[in-house]
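Student: Residue-level listing of the chains:
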Amino acid sequence: EAGVTQSPTHLIKTRGQQVTLRCSPISGHTSVYWYQQALGLGLQFLLWYDEGEERNRGNFPPRFSGRQFPNYSSELNVNALELEDSALYLCASSLGRQGGETQYFGPGTRLLVL
Amino acid sequence: KQEVTQIPAALSVPEGENLVLNCSFTDSAIYNLQWFRQDPGKGLTSLLLIQSSQREQTSGRLNASLDKSSGRSTLYIAASQPGDSATYLCAVRASGSARQLTFGSGTQLTVLP
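Protein sequences appear in the order of chains A and B.
The opening residue of the first sequence carries number 377 in the numbering used here; numbering runs sequentially from there.
The opening residue of the second sequence carries number 30 in the numbering used here; numbering runs sequentially from there.
Among the hints, erroneous ones may be present.
Said to hold, decoys possible - One side of the interface only, derived from the structure: several residues of chain B facing chain A at Cβ under 7 Å:
1) A127
2) F132
3) S134
Everything labelled a hint here was simulated from the structure, so no lab data went into it.
Note that CB positions come from ideal geometry on N, CA and C, so glycine has one too.
Working from the sequences, and respecting the hints, build out all of it.
Tutor: Take a look at the structure:
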């Protein structure tokens, strides 16, 4: 069974640009979570999608947004990139509100903002 | 606001030792607690999940315990091996509708051959 996949694996952008990160959950999982792991700050929750709806968001500015598609894959969009957005962005999936609780993580997308 | 603390931040042990990693959380109203492993530059691998009603979970050489009332969890690794070298993270999910995890900062473990 394929795990959570993310693309691209690495990205280099400059300040002010926009970026889109993609995540495909494990087959059958309806919930997708996005986390940011910035150097020295640990893992911070960004967004949670379930059944195509945004269910919760962390303490991040509105330039961080996303969506979930009918096939439960998800995109994370970051507008007006800032230097401090440089981080490893991790996507996780789980069975959703009616199912199991374990969150399974993808390998991440490493974003560098210059 | 839930805060999760892991002690120690780093640990170096010789191969074969049994070791304990600690995790504490400030709000005991949790739904579950999950232990993860992260290799350098990689994503997270789920090791164990303990529901709030459980006291412990075991998988192979790993045993995780949970004392919700005192806000503590421990991860016990038996007979450590160099391949166990990684950063170990604990994360809690709060009770209620919010399903996101709150992570500790991790314990970086090095097992010396």
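Student: Work down the list of hints and note, for each, if the structure agrees.
Tutor: Results for each hint:
no. : hint : verdict
1   : A127 : holds (5 Å)
2   : F132 : holds (4 Å)
3   : S134 : holds (5 Å)
When each numbered hint is compared with the structure, no violation occurs for any of them.
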